[in-house]
Amino acid sequence: MMKFVLLAVLVAGAYGCGLPTFPPMVTRVVGGEDVRPNSWPWQVSLQYNREGEWRHTCGGTLISDQWVLTAAHCISKGKQYRVALGKHSLVQTEDSAVFMAPASIIVHEKWSPLFIRNDIALIKLEAAVTVSDAVMAACVPAAGVLLPNNTPCYVTGWGRLSTGGPIADNLQQALLPSVDHATCTQSDWWGGMVRPTMVCAGGDGVKAGCNGDSGGPLNCQNADGAWEVHGIVSFGLGLSCNYPKKPTVFTRVSAYMDWINAVTAHGCGRPSVPPEVSRVVAGEEAAPHSWPWQVSLQSDSSGRWSHVCGGSLISSRWVLTAAHCINDRYGYRVQLGKHSLKAPAEEGSLSLRAAKIVSHDKYNMMMSRNDIALVKLSSPVSFSRTVSAACLPAAGAVLPHGAACHLTGWGRLSSEHPQGSRWRPECRVE
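Residues -16 to -1, 1 to 414 in mature numbering (1 follows the signal peptide of the UniProt record, and there is no 0) are what the sequence shown spells out, letter by letter.
It is worth saying that the hints were derived from the structure and are not from the lab.
Possibly wrong hints are sitting among the right ones.
[Claimed, not checked] Label pairs and their calculated CB-CB ranges: (1) Ala387 <-> Ala207: 33 to 39 Å; (2) Lys63 <-> Glu268: 49 to 55 Å; (3) Pro377 <-> Gly287: 34 to 40 Å.
[What the hints assert, rightly or not] Below are the DSBU-like pairs computed for lysine-lysine, each with C-alpha atoms no more than 35 Å apart in a straight line: (4) Lys94 <-> Lys61; (5) Lys108 <-> Lys340; (6) Lys108 <-> Lys63; (7) Lys340 <-> Lys229; (8) Lys326 <-> Lys340; (9) Lys108 <-> Lys94.
All C-beta atoms in this analysis are idealised placements derived from N, C-alpha and C, irrespective of residue type, glycine included.
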């Protein structure tokens, strides 16, 4: 579960994922209703350019500061897209709105339009967005989680208000209770069209996701009160938006967490300068920039910046370190792209202040339990030859006995020697 705890913190930014500043006014209004502005701040409008005019085509969900989740069927080759964030009205100019071009669009490699399988895509934004009251990320569920039957969830979007009708000007929400797989696959419901990688919601003949909601989120509140995106609007009955026993069918996000993590972490753990690994036990000098995710966490405890701990860059804005490294009385900065701590300036290195530090809420110093913390950098870093992120393991992965690992840092080379401040040593750990 630790990987998903980390992912939840990564997408949280300063505000916390799935916790809007203006909570949605959730009701049991039938057929949908206008939402409270900015109460679903992860909802985006995917738009395409037609004859110089941007038109809404699908919804989507912001799941980190640079990634949007949507449906594969929303993407067509040859179209020019943009992502509108922080929107409430599609027809009004709004100060909260942010428009971003995609840097890349990744459609699931096994997307089948014929059978509507693997209807999921990820959009990488051209730059990281600034989290605000109007723009923040939804939480994502843990891998494999299944919604219990009749879980109250909400579909949001600017979809058609009725069969064949126009799309909505203002963002809409509708209560859609989840329908378990056994019910949704009954012959008089959806039967074999619904696969285990899908989730159904609605089916009462009154409320449903309609055209234009495609790609948008099925929002379900977890036990901690945060909203998770459990589904991506995929398909419904073509003859009617609201038909008994034909609930809206969503791509189940929890079935694709491994794929999502693999795509969003693309390029991690691949240094431009491969490390020169050997079987030296006591430690040796590392090849410069061969561990580009290694950082130096420094404090101002002595009135000047001094190295206190190592850490690992795991995204453009987050560093993983140990909770015992953190003392609330001091300020911290992170040095990235460093090889020598004594060299005042090295090409490709940079220093950033810690904007936020989150230690595990169950850290026990006495017992050394839950010794983990995350440091949010004051601004996102650009990956380069000297600075890039490490990959994270799959949730629950256990190292086999004898697995070859390498410990890196500027720690003391031995109990008799001072801190290895000049060169970063590396040693093999088995």
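Hint check results:
1. Taken as a hint, the range 33 to 39 Å holds for the pair Ala387 and Ala207, whose Cβ atoms sit roughly 35 Å apart.
2. Between Lys63 and Glu268 the beta carbon distance is about 53 Å. The supplied range of 49 to 55 Å therefore holds.
3. For the pair Pro377 and Gly287, the beta carbons lie near 39 Å from each other, so the given range of 34 to 40 Å is met.
4. Proximity of Lys94 to Lys61 is assessed by CA-CA distance (about 16 Å); at most 35 Å being required, the pair is judged to hold.
5. About 24 Å separates the Cα atoms of Lys108 and Lys340, which keeps this hinted pair within 35 Å; it holds.
6. With a C-alpha separation of about 16 Å, the suggested pair Lys108 and Lys63 falls inside the 35 Å cut-off, and the hint holds.
7. A hinted pair counts as satisfied when its Cα atoms are at most 35 Å apart, and Lys340 with Lys229 does not qualify at roughly 48 Å.
8. Restraint check for Lys326 and Lys340: satisfied, since their Cα atoms lie roughly 26 Å apart, inside the 35 Å limit.
9. For a cut-off of 35 Å, the pair hint linking Lys108 to Lys94 stands: about 19 Å separates their Cα positions.
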